[in-house]
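Chemist: Below are the chains, spelled out letter by letter.
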Amino acid sequence: MSSRLVTLRKAAALSVLWTSGRRVNRLNGVVTRSASSVANQKVCVVGAGPAGFYTAQHLLKACQDVQVDIYERLPVPFGLVRFGVAPDHPEVKNVISTFTQTARHSRCCYYGNVNVGKDVSVAELMEAYHAVVLSYGAEGNRSVGVPGEDLDGVYPAKDFVGWYNGLPSNSELNPGLDCETAVILGQGNVALDVARILLSPVDLLKKTDITQRSLDALAQSHVRRVLIVGRRGPLQIACTIKELREMVNLPDTKPEMVASEFEGVAEALKDVPRPRKRLTELMLKTALGPPLEKERLRRQAASRSWGLRFFRSPLEVLADPDHGRVAGVRLAVNRLEGTGDGSKAVPTGAVETVDCGLVITSIGYKSLPIDPVVPFDPRKAIVPNTLGRVKQAAGLYCSGWLKTGPIGVIATTMNNSFDTAHSVIEDINAGCLDVSSAKPGSTGIGPLLDKRGVKPVSFSDWEKINKEETRRGEAQGKPREKLLDVEEMLQMART
Amino acid sequence: MAFVTATRRLLHLTLRDSPLRTAAVASPRYTTLFSPGSTDAPGASLVTAARCVRRRDFTTCTQRLRSDNKVTVHFVNRDGEKITVKGSPGDSLLDLVINEDLDFDGFGACEGTLACSTCHLIFNEEVYEKLGPITDEEMDMLDLAYGLTDTSRLGCQICLTKALDGMEARVPESVADIRQSQDSSS
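In order, the protein sequence lines correspond to chains A and B.
Using the working numbering, the first residue of the first sequence is number 1, and each one after it goes up by one.
Using the working numbering, the first residue of the second sequence is number 1001, and each one after it goes up by one.
Don't read these hints as lab results, they were simulated from the structure.
None of these values were measured; they are calculated from a predicted model.
One should not assume that every hint holds.
Subject to a maximum C-alpha distance of 30 angstroms in a straight line, what follows is the list of computed DSSO-like cross-link-like pairs (lysine-lysine) [stated by the list, open to error]: (1) B:Lys1082 with B:Lys1130; (2) A:Lys61 with B:Lys1082; (3) A:Lys277 with B:Lys1086; (4) B:Lys1086 with A:Lys61; (5) A:Lys455 with A:Lys366; (6) B:Lys1082 with B:Lys1162; (7) B:Lys1086 with B:Lys1162; (8) A:Lys207 with A:Lys254; (9) A:Lys270 with B:Lys1130; (10) A:Lys391 with A:Lys439; (11) A:Lys61 with A:Lys391; (12) A:Lys391 with A:Lys366.
Please construct the entire structure, taking both the sequences and the accompanying hints into account.
Modeler: Structure representation (structure tokens):
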């Protein structure tokens, strides 16, 4: 009862803000001005995800004389807010209304369908703009590096997420879901998103913007049990409490934990900071606490289960000899050396095998270099920088995951992007960036793209795609049905 | 007080048939339907919900009451500057920031839906005690906030009441600001 009202309260808050564009605009802090004066300072942002939009937002707000152009490889904007955030987390996607206000700002321009590094080089952008901010994120997947990782039935979480979220390059993934047990390697929020999507009742998912294709596949799924495996212990788990609580509360599922993995955990809790403490307490309660009657009955009736497995590192993905598909995972049993965040997993020598027909590897994303002129640290998989200023490359900046590595929630990216924008403004004001000579900005890039046969997608073009997706979604009782094909997006943009 | 209670009950009743209810049922946010991990008193979120929802009805039918009952709030921004504004009972602190066009960078990114921690505010202990119960979901989000304190709350979850008149709410520094100031001092 009380929880339903929480939902109600959220919906009420939503309805107020959705109905008032003015409020959203003010919230954003970006006030649209008339385009009477031409901005003299040209900055471009590479990548239209949250990092790109938050960087642009802060630049536009902090400097009245700056024009910000955002280049995006795909025709559609918003990056991981569209392709990463789970479909059953629509509240997180509310940030899109602020991004939309930024994109519509008179001194901001969106150029979708432009692949920087291929259609136009970073050097060309630096020629045309006073400053270039790279915020193209982390599209690579860290591999586990064990034999069998390439078997049929093993998928990087990034691809699996891309599949259910309609990322064009993953739309044909068609993961095999005809097994009972799935193993997810990694215990971060992406791992928990994947577990939740695999186990959610389809009736709940069908009201989200999950692609119809993946919804149909999930409706046929035989997966009933998901194990989420981590190499260290409960006190080192990488997910945040919201995602864990969602698992605990997921309808028609019950937790399946191993009590012995929590030995000594309660005792170690008194000195840890509140977030870690609350997260661990929820795990302890779920794993060890005797459930109340209502919860006991709920668990009894559940047809699916999920479990966290600690102190296990993958050694090999095992194949079914007849079909060459995944049949299991061999895991090394670890013990911890040291305590807290800095502790290390050390193999005890013991090995165990878990039977499963699906393996999702979720040990992190990583950024990839897009242009040889940009310094890149292959070990950390980031662009080396100081407060967003790319080292040894004046006029070049970075923000978001490319700057910090693939960590944190959207507020983390917001702060780190504001931070980079602040560095750009500081450099303009301090004269470190030479803005005295005029730069052509997009008028210098347009002819290059034209010559190379690249036709950018404008923000109003995107709004046509958006309208069509919303229309298709409405027909099915969903907030949106995403277009899965770049060609189709381009066609829609040009109608 | 009796009037307030009666109004609350009445509004709760009208709410049952209001379009808001439909919105809630249609909302894809289902994950809080059942909360075995909850440590709250069962009525806690109900009270907060009733308080927040009240605002909608006051806006439409009790304009006079609203203007007579303004609540003064002193915000302290990231530069330590004090900004004094007035809001209506039932408005959340996030509403107030938006309505008054207060310039707190990035504040309220998820638009008051408990999906981020960007409307994090810090109160003194005395005020904090008066803010009412806190749900697990709010605590979960607060746990991700920069500069979390024992008297932190999310602005979207605090609804103004006359009892809060004259309160002070401090916008915490972001981690970036802290790091920058350290950077320049070194």
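Chemist: Evaluate each hint against the coordinates.
Modeler: Structure-based check of each hint:
no., hint, verdict
1, B:Lys1082 with B:Lys1130, "holds, 21 angstroms"
2, A:Lys61 with B:Lys1082, "holds, 21 angstroms"
3, A:Lys277 with B:Lys1086, "violated, 37 angstroms"
4, B:Lys1086 with A:Lys61, "holds, 26 angstroms"
5, A:Lys455 with A:Lys366, "holds, 29 angstroms"
6, B:Lys1082 with B:Lys1162, "holds, 20 angstroms"
7, B:Lys1086 with B:Lys1162, "holds, 11 angstroms"
8, A:Lys207 with A:Lys254, "holds, 23 angstroms"
9, A:Lys270 with B:Lys1130, "holds, 28 angstroms"
10, A:Lys391 with A:Lys439, "holds, 23 angstroms"
11, A:Lys61 with A:Lys391, "holds, 26 angstroms"
12, A:Lys391 with A:Lys366, "holds, 20 angstroms"
Checked against the numbered hints above, the structure violates only hint 3.
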